[in-house]
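**Q** Sequence:
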Amino acid sequence: MKIQKINNPKEIAELFYKAHNILLLPHIIPDGDTIGSSIALYLALKKLGKNPYVLIEDDIPYNIEFLMPYNICYDLDEEIVLDLVVSIDCSDTDRLGDRRKYVDQVKSSLNIDHHVTNTNFAMYNYVDSKAAATGELVYSIIKALEVPITKDIATCIYTALSTDTGSFKYDNTSPKTHRIAAELLEKNIDLNRITTEIYQKKPIHKVRLLSAALNTLEFYFEGKLAILSITKDMLEENKAKIEDADNFIEFARDIDGVEVGVLLKEVSKNQIKVGFRAKYDVDVSKVAKVFDGGGHKKASGCTIYSSIEEAKRNIVKIIDNYL
Numbered sequence: 001m002k003i004q005k006i007n008n009p010k011e012i013a014e015l016f017y018k019a020h021n022i023l024l025l026p027h028i029i030p031d032g033d034t035i036g037s038s039i040a041l042y043l044a045l046k047k048l049g050k051n052p053y054v055l056i057e058d059d060i061p062y063n064i065e066f067l068m069p070y071n072i073c074y075d076l077d078e079e080i081v082l083d084l085v086v087s088i089d090c091s092d093t094d095r096l097g098d099r100r101k102y103v104d105q106v107k108s109s110l111n112i113d114h115h116v117t118n119t120n121f122a123m124y125n126y127v128d129s130k131a132a133a134t135g136e137l138v139y140s141i142i143k144a145l146e147v148p149i150t151k152d153i154a155t156c157i158y159t160a161l162s163t164d165t166g167s168f169k170y171d172n173t174s175p176k177t178h179r180i181a182a183e184l185l186e187k188n189i190d191l192n193r194i195t196t197e198i199y200q201k202k203p204i205h206k207v208r209l210l211s212a213a214l215n216t217l218e219f220y221f222e223g224k225l226a227i228l229s230i231t232k233d234m235l236e237e238n239k240a241k242i243e244d245a246d247n248f249i250e251f252a253r254d255i256d257g258v259e260v261g262v263l264l265k266e267v268s269k270n271q272i273k274v275g276f277r278a279k280y281d282v283d284v285s286k287v288a289k290v291f292d293g294g295g296h297k298k299a300s301g302c303t304i305y306s307s308i309e310e311a312k313r314n315i316v317k318i319i320d321n322y323l
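When the count follows UniProt numbering, it moves up by one through the sequence shown with no breaks and lands on 323 for the last residue.
None of these hints come from the bench; they were simulated from the model.
One or more hints might be untrue.
[Claimed, not checked] Label-pair ranges, simulated between beta-carbon atoms: (1) 190 x 59: 40 to 48 Å; (2) 47 x 195: 45 to 53 Å; (3) 271 x 144: 39 to 47 Å; (4) 80 x 309: 27 to 35 Å; (5) 236 x 195: 30 to 38 Å; (6) 292 x 232: 28 to 36 Å; (7) 49 x 232: 43 to 51 Å; (8) 203 x 105: 17 to 25 Å; (9) 286 x 107: 32 to 40 Å; (10) 271 x 188: 41 to 49 Å; (11) 10 x 101: 25 to 33 Å.
[Stated by the list, open to error] Keeping only pairs whose Cα atoms sit at most 16 Å apart, straight-line, the calculated EDC-like set for lysine to aspartate or glutamate is: (12) 241 x 266; (13) 317 x 222; (14) 232 x 222; (15) 297 x 259; (16) 289 x 152; (17) 101 x 83; (18) 224 x 283; (19) 143 x 246; (20) 47 x 171; (21) 101 x 78; (22) 201 x 83; (23) 279 x 259; (24) 143 x 183; (25) 50 x 171; (26) 10 x 183; (27) 241 x 58; (28) 297 x 75; (29) 269 x 309; (30) 297 x 152; (31) 269 x 222.
Virtual Cβ for every residue (Gly too), placed ideally from N, Cα, C.
Make the full structure from the sequences, and use the hints.
**A** This is how it looks when you write it as structure tokens:
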């Protein structure tokens, strides 16, 4: 397969013009950027008379379910002949889970992403690590397609931008991010609803899980590293799902004096999902890469196949080289 890197959204638009049956693949354990970007692109392609599908593997987080009136599916009719498969916000094929097979099977594949660790795994790769969110890239594609930005499309892209910039407070937020957000606000999106759904709607079981997680808080290197842990037992005791803990890492990072916050989530006995968040100059994408993970300088993740205690020991040992 000949791999091409594309920087011009008009060239990406040509790929969509030539295709009819188009499969859109958000990443596993989806977030607001991957879902908002996918649905925005789905709506734009429908406007062009295309036949798009958004295929997911994991449930949508409760705080972005308000984007769900659209056609998202968990399986795909095998008789559908796909013209183009598009991965959205995926740094590598592992982020596609079991759906990575579609990238290999189809004659044309496209990778739209903003992670610095992206492996350019598709036939066509539109990757820009300077973008605050993949939603920025999808916005530029929709503009290149000359599809009007409707209120629904604007709502999806605004959700993508807001969630991946921490409501525009992370330093990945750029003047361009704000300019796009301003244009989206001009589409009369319901900002109060978006904000309430994303940030102000916490179910009681999540609050109880957070309470349990805070009891695991540990500090290392004179308070520069803070680690929180979520075990399977904690999830069961609080009737919670593992994705309920996704933003708990901020409680570790945001403590005064902490430079790196880490969240360990026990998926199974010897499978630990790890999130890294940096406040200042530590490049946590390098830390994640040691464990075959990746992401951004200030926000990265990986999976470690060990006990949660062993994973913690190994992480502390590696981070010691960066603090």
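**Q** None of the hints should be skipped; say for each whether it holds.
**A** Status of the hints after comparison with the structure:
1. Between residue 190 and residue 59 the CB atoms are about 24 Å apart, so this pair departs from the stated range of 40 to 48 Å.
2. The hinted window of 45 to 53 Å between residue 47 and residue 195 is violated, with their beta carbons roughly 27 Å apart.
3. Our hint of 39 to 47 Å for residue 271 and residue 144 holds, since their Cβ atoms are close to 40 Å apart.
4. Between residue 80 and residue 309 the C-beta distance comes to about 46 Å, which lies outside the given range of 27 to 35 Å.
5. At roughly 32 Å, the beta-carbon separation of residue 236 and residue 195 lies within the given 30 to 38 Å, and the hint holds.
6. Residue 292 and residue 232 have their C-beta atoms about 23 Å apart, which leaves the hinted 28 to 36 Å range violated.
7. Distance hint check: the CB atoms of residue 49 and residue 232 are about 47 Å apart, consistent with the given range 43 to 51 Å.
8. Range check, residue 203 to residue 105: Cβ separation about 39 Å, and the 17 to 25 Å hint is violated.
9. With their beta carbons about 36 Å apart, residue 286 and residue 107 fall inside the hinted range of 32 to 40 Å.
10. The hint said 41 to 49 Å for the Cβ distance between residue 271 and residue 188, and at roughly 45 Å that hint holds.
11. Checked against the hint of 25 to 33 Å, the C-beta distance between residue 10 and residue 101 comes to roughly 30 Å, which is consistent with it.
12. Taking the CA atoms of residue 241 and residue 266, the gap is about 11 Å. The hint holds against a cut of 16 Å.
13. Taking the CA atoms of residue 317 and residue 222, the gap is near 15 Å; set against the 16 Å cutoff, the hint holds.
14. Taking the CA atoms of residue 232 and residue 222, the gap is near 29 Å; set against the 16 Å cutoff, the hint is violated.
15. As the CA atoms of residue 297 and residue 259 are separated by approximately 13 Å, the hinted pair is consistent with the 16 Å bound.
16. Among the hinted pairs, residue 289 with residue 152 is inconsistent with the structure: their alpha-carbon atoms are about 37 Å apart, more than 16 Å.
17. About 14 Å separates the Cα atoms of residue 101 and residue 83, which keeps this hinted pair within 16 Å; it holds.
18. At most 16 Å may separate the alpha-carbon atoms for a hinted pair to count; residue 224 and residue 283 meet this at roughly 14 Å.
19. Proposed proximity of residue 143 and residue 246 is contradicted: the alpha carbons are some 32 Å apart, above 16 Å.
20. Restraint check for residue 47 and residue 171: not satisfied, since their Cα atoms lie roughly 34 Å apart, outside the 16 Å limit.
21. Using a Cα cut-off of 16 Å, the hinted pair residue 101 and residue 78 holds, with the two alpha carbons roughly 13 Å apart.
22. In summary, the hint linking residue 201 to residue 83 is not supported, as the alpha carbons are separated by about 39 Å, beyond the 16 Å threshold.
23. A distance of roughly 5 Å separates the Cα atoms of residue 279 and residue 259; the hinted pair therefore holds under the 16 Å criterion.
24. The hinted pair formed by residue 143 and residue 183 meets the criterion: a straight-line CA distance of about 12 Å does not exceed 16 Å.
25. For the proposed pair residue 50 and residue 171, the alpha carbon gap of about 37 Å is over 16 Å, so the pair is violated.
26. Only pairs whose Cα atoms come within 16 Å are accepted, and residue 10 paired with residue 183 is rejected, the gap being roughly 20 Å.
27. For the hint pairing residue 241 with residue 58, the CA-to-CA distance comes to about 12 Å; that is within 16 Å, so the pair holds.
28. Note on residue 297 and residue 75: the hinted pairing is violated, with a Cα-Cα distance of about 34 Å set against a maximum of 16 Å.
29. With a C-alpha separation of about 11 Å, the suggested pairing of residue 269 with residue 309 holds against the 16 Å cut-off.
30. Among the hinted pairs, residue 297 with residue 152 is inconsistent with the structure: their alpha-carbon atoms are about 31 Å apart, more than 16 Å.
31. In summary, the hint linking residue 269 to residue 222 is not supported, as the alpha carbons are separated by about 30 Å, beyond the 16 Å threshold.
Violated hints, listed in ascending order, are 1, 2, 4, 6, 8, 14, 16, 19, 20, 22, 25, 26, 28, 30 and 31; each of the other numbered hints is respected by the structure.
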